[in-house]
Amino acid sequence: MLFPEKNAKELSEKRDNDSKSQLSACSSHRRFLNMIKSSSKAINILHLAFAFSMLVVLAVNITVLIYAFYDINLISDMSLPISIGKSGKDFQRIGYLSRMIYVATVIKSNDPATALTFQEYKEKLADLENIYWNVTMNLKIRNSCLGQSILTDEAVNLWRIDENGVYKKKSTLIDTIAAFIKIGKSFLSELNNTGNGLNDMSFLLLNGYGESIRYCNNSLYDIIDYQKSMMSSFKTDMIILLLLGIALLIICILIMIPFYYTIIKIENNLWNTIRKNAYSHYFELKQIIMERLKYAHFQADVTLNEPHLSMKPYTFKSYWKYAWRTLIFLAFSLLFSIINITYLYEKCADYLLARPEVLKTLINIQVLYTSLNIWTTEISMTKFGLPILDQLSSMFPFSDNENEFLEIVSKLDYSNSAIRKNECADVLSENIKAALYEYDKQYSADYLAYGIYSSKLSIMADAYSLSFYYPDYFMWRKWIAALQELDYNFDSFIDETDKYSQSVIDNQMKIIVAVLIAFILFSFALYLGLYLVFFRREKKYFQKINAVMKIMP
Numbered sequence: 177m178l179f180p181e182k183n184a185k186e187l188s189e190k191r192d193n194d195s196k197s198q199l200s201a202c203s204s205h206r207r208f209l210n211m212i213k214s215s216s217k218a219i220n221i222l223h224l225a226f227a228f229s230m231l232v233v234l235a236v237n238i239t240v241l242i243y244a245f246y247d248i249n250l251i252s253d254m255s256l257p258i259s260i261g262k263s264g265k266d267f268q269r270i271g272y273l274s275r276m277i278y279v280a281t282v283i284k285s286n287d288p289a290t291a292l293t294f295q296e297y298k299e300k301l302a303d304l305e306n307i308y309w310n311v312t313m314n315l316k317i318r319n320s321c322l323g324q325s326i327l328t329d330e331a332v333n334l335w336r337i338d339e340n341g342v343y344k345k346k347s348t349l350i351d352t353i354a355a356f357i358k359i360g361k362s363f364l365s366e367l368n369n370t371g372n373g374l375n376d377m378s379f380l381l382l383n384g385y386g387e388s389i390r391y392c393n394n395s396l397y398d399i400i401d402y403q404k405s406m407m408s409s410f411k412t413d414m415i416i417l418l419l420l421g422i423a424l425l426i427i428c429i430l431i432m433i434p435f436y437y438t439i440i441k442i443e444n445n446l447w448n449t450i451r452k453n454a455y456s457h458y459f460e461l462k463q464i465i466m467e468r469l470k471y472a473h474f475q476a477d478v479t480l481n482e483p484h485l486s487m488k489p490y491t492f493k494s495y496w497k498y499a500w501r502t503l504i505f506l507a508f509s510l511l512f513s514i515i516n517i518t519y520l521y522e523k524c525a526d527y528l529l530a531r532p533e534v535l536k537t538l539i540n541i542q543v544l545y546t547s548l549n550i551w552t553t554e555i556s557m558t559k560f561g562l563p564i565l566d567q568l569s570s571m572f573p574f575s576d577n578e579n580e581f582l583e584i585v586s587k588l589d590y591s592n593s594a595i596r597k598n599e600c601a602d603v604l605s606e607n608i609k610a611a612l613y614e615y616d617k618q619y620s621a622d623y624l625a626y627g628i629y630s631s632k633l634s635i636m637a638d639a640y641s642l643s644f645y646y647p648d649y650f651m652w653r654k655w656i657a658a659l660q661e662l663d664y665n666f667d668s669f670i671d672e673t674d675k676y677s678q679s680v681i682d683n684q685m686k687i688i689v690a691v692l693i694a695f696i697l698f699s700f701a702l703y704l705g706l707y708l709v710f711f712r713r714e715k716k717y718f719q720k721i722n723a724v725m726k727i728m729p
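Quick note on the working numbering: the sequence shown kicks off at 177 and runs consecutively.
To be clear, the hints were calculated from the coordinates, so they are not data collected in a lab.
No false leads were slipped in.
Here are the simulated DSS-like pairs of lysine-lysine, each with C-alpha atoms no more than 30 angstroms apart in a straight line: (1) Lys346 - Lys358; (2) Lys346 - Lys587; (3) Lys675 - Lys686; (4) Lys404 - Lys523; (5) Lys523 - Lys686; (6) Lys587 - Lys654; (7) Lys686 - Lys609; (8) Lys346 - Lys361; (9) Lys217 - Lys715; (10) Lys411 - Lys609; (11) Lys441 - Lys213; (12) Lys217 - Lys720; (13) Lys452 - Lys716; (14) Lys344 - Lys358; (15) Lys441 - Lys715; (16) Lys361 - Lys654; (17) Lys298 - Lys284; (18) Lys298 - Lys654; (19) Lys716 - Lys497; (20) Lys523 - Lys675; (21) Lys609 - Lys675; (22) Lys675 - Lys411; (23) Lys441 - Lys497.
Computed from a predicted structure; not experimentally measured.
Generate the whole structure from the sequences, applying the supplied hints.
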């Protein structure tokens, strides 16, 4: 054998080269497998991040709903302000009726209306007892600082008259209601036993016409203003929760971005690795094919066109398939949250603001009509020769009857303005709207046949006539009967408006719940139909890249 040393050296170098080539191939294959594993891990994390982001959006909206239910249930509860407003009206009415009963007893009146006055007096005492229990239970159930202070602070001046003279003491509103009930019953008992209940009547009259009614009115306005401030806080909290949800959503998407970058980078590296391997083995494969054609198929004159191969790295623009899916998720979540907060909850907030305003207005009108009845009667009674308040004025500083009358008329003239606002119409039932503004022949009094709002002018005009021009007894009785019917109707108006406005709010909350359920179901369908399918397809995509790599030399 010629040049044995040279042949041995060439064989040794060839073995070394083959060994290095095998090592390089193994190293390349390990890098390739590592990239496949990294891509699979990144896709799994990205999948979890998407699912977590959806859960964050759903959790924020469910949290908003739970918070809204709690706050709306607290804000919409009008039992305390209605009870306080009605108690003030009943204080006045019981004082007025006690005065009428006392006068009828003193003059030994045989007027059939006196029996009706007794009956109404007993009904008002029963109403006040119901209010007492409602307020007491409300105080136990509701832990409102304002409500507690109004009911339990000794802020009401109670006037008493007995054999020792006139004196006053501080009392809580609850104790004032209890005192009215106790002394109201005592008044009837005194009349039945002795025919004289002047001291009890004086208590009911002084306090029914005096500071207790003003305290109830002020307390009613304070509670309504407090509820409005809570409503403003509720709207602010909704905006804060919306911004918090948006911030969390953006944070989740920002967390996804590095994994988008990792997957896209790995994908480009994998394809460029495959291209590099294909290029590096092209000439070797070409030589094998040429030799096979020459020696096996005896085609020595085969000419192959040289390919235009480039080793410049190629960048796949695959980020769009992630970008548009992320944008759909972001837009859908933001759109729902914004509509939910700024429209659905905003509409509910409008109802919550209108509800106490309407109820306050109805209660205020009822109290003003009762006050108008009282002071018109006092002026008329003075002209009829029965000036009870004039007898008490030396003991208690009552305002001038006529000034009180004119002040009430002035307030009554503007009392309907809140109800006529557009935003208040939504919480008024059709029955209440008809009673306020339309003709209804069911009322026995002519005043009320053309609607409560129209009747106000006629009632005020006749009150002027009775007070300053024509103090006719029969006209006064007719006027009193109309106001009594009006008082009963306002009781039903207030109760119906309370129930109807609450049902409007409840229906709006049902709409919010239904929309949220629809959003949850749609999100679930979107996840299954778009994102779950997408991420599974991405995993299979990288598995196919791995399969391509395995069949390459």
